[in-house]
Amino acid sequence: MTWQLNPQDQWLWIWAIVLGAFVLVLGLIPLLQVLPPRGRRALVVGITFLAGLFFAAEFFMPVNEEQKNMLTPAIQPAQNLLQLIGALALGLGTYGLVRLHLKNVVQKRTQWGYSVVLLVSFVTMAFFSIWNTLAEKELAPKTPLLENSFKLLFDFTLVQLDAAMFSLIAFYIFSAAYRAFRIRSIEASILMFTAMVVMIGVVPLGAYISYDLMGFSAEPTPEGASFVQMLVHNLGLPKVANWILTSLNAPAQRAIEFGVGIGGLAMAIRLWLSLERGIT
Amino acid sequence: MQPQTIWQKMLAVDRRLLYVLLLVNIVMFLLVPVRMPASISPPVQKFYDTIEALQPGDLVMISSNWSASTLAENQPQLEAVIKHLMRKKARFSIISIEAQSRDISYRLAERVTKAEGYEYGRDWVHFGFVPNLTVAIKGMVTDLPNTIKQDVRGTRVSQIEMLKGVNSLRQYKLVIDVTPSGTVPIWISYSPKEVNIIYCPTSVMAAEAYTYLDSGQIKGMVTGAKGAQEYEQLLGIVGLASRFTNAISFSHVLIITFILLGNVAMFMNRLAERREA
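Residue numbers (our numbering), protein chains in the order written: chain V, 65 to 344; chain L, 834 to 1110.
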């Protein structure tokens, strides 16, 4: 059984599928509006259950020597469908954003100037990004105007602004750490001491202080070493920091992940069976 | 109104002063040309050894899922990884589940590979953006050409020289996840067991990954910019991370110093209040 299109009939099929999907979506929206709430809920619950069942069944069904079962070939079309749903959501988001800001500009609402900036940036970036993608696929000419404009918009504006925005967090962390990191209990003291050891131990300065200034051994512990020798060999800040991360942090993280995993499983089952409130 | 003591003034310090101090500290240590050698941590050593074990021509999948916001940590990691793979003459493909990363990683790889004479399509390829990693990995395990379909240049995967005869992710030797997101459990869950995984997270994400490192599900880890500096040191190159490292080191010192000063001010203030009472 194959789920792939025959290359000879590809374009015919593509048009048929696009047209079919268009009719289906256009028909589905009025159908959902016409249906009574109970019928609407039954439709959404049914589709959610079948979609979840497909992926669960594909995962749990026995596989042959090629690690495939009867549902495995359908994974690829399912991925295409997920991409389509994602694209539809992106389209809806774009429509909503443009509509809202166009309204702001037309009605000259408060701070409508920002909406103009957003719309101009959106259209300009979208235009050059689409042109650049087409040029990469050799479907459009790659002119110096495109190269310079895309570099200016993407490399020198978007990337820099994004990086700068995120970098500001460092300043807030510094200010927050100074104001909030206070020793008010034994737990807070342990946390602060541990954080300081790890913060210094993981950077080169920790190695410099431990091995160059204080003379601790940077070499691994020799085989058959006594407890005291082991202790002396592992007093350097980088080794203590690594011990904290691997021997204290890892077990705690594992315990948290078990809890999160079980919680996630319960939530997934509730979503699959539409037991969550507000599903329809 | 009584005049404020030095401790009260310290507790009520203007946050803008703290911002200026941090800014001066970062700029000053970015400009200082002295390089402090790093102590190589075991996860970075394992990461390096895993790539060193590759043979010329081996296939490697780089999952690059970062945007400009984590550029300071992920860019040096990805650059160093590509340089190491080229040194080992390994062939690699890049895949992104982050829309912005599709362009950033493609442009970065183009720049780095051009300098070393690595040819697109023969030695490396970019699969572009995929929206759902779980489905993409499952699809690549069963049928890679039909899952990816075409690369960023619009060439069908089956027609790319490097991928002739490659039908499954099973034919890859290694997956390298460069990301600020929690994508590594997805790679661990769905990629074939015979394919090794190594990980380049940002510093804040690394703590969660020690459990996978401990269990051997990831073979090595390069944590943030400081891990990238250790990795660059192992490779014998001076990259972006080696230039950042002084600023990071002394920013940590500044933060610790001010946390201590804040606590001293709090204790002295309490002491003064008790005396007055």
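These are computed hints drawn from the structure, not numbers from a lab.
Check each hint, because a few of them may be wrong.
Straight-line distance between alpha carbons at most 27 Å, and here's what the computed DSSO-like set of lysine-lysine pairs gives [claimed, not checked]:
no.	chain 1	residue 1	chain 2	residue 2
1	L	947	V	215
2	L	916	L	1052
3	L	997	V	201
Consistency of the hints with the structure:
Distance check on the hinted pair: residue 947 of chain L and residue 215 of chain V sit about 18 Å apart at the alpha-carbon level, within 27 Å; holds. For the given pair, residue 916 of chain L sits about 19 Å from residue 1052 of chain L by alpha-carbon distance, which is consistent with the 27 Å threshold. At most 27 Å may separate the alpha-carbon atoms for a hinted pair to count; residue 997 of chain L and residue 201 of chain V meet this at roughly 20 Å.
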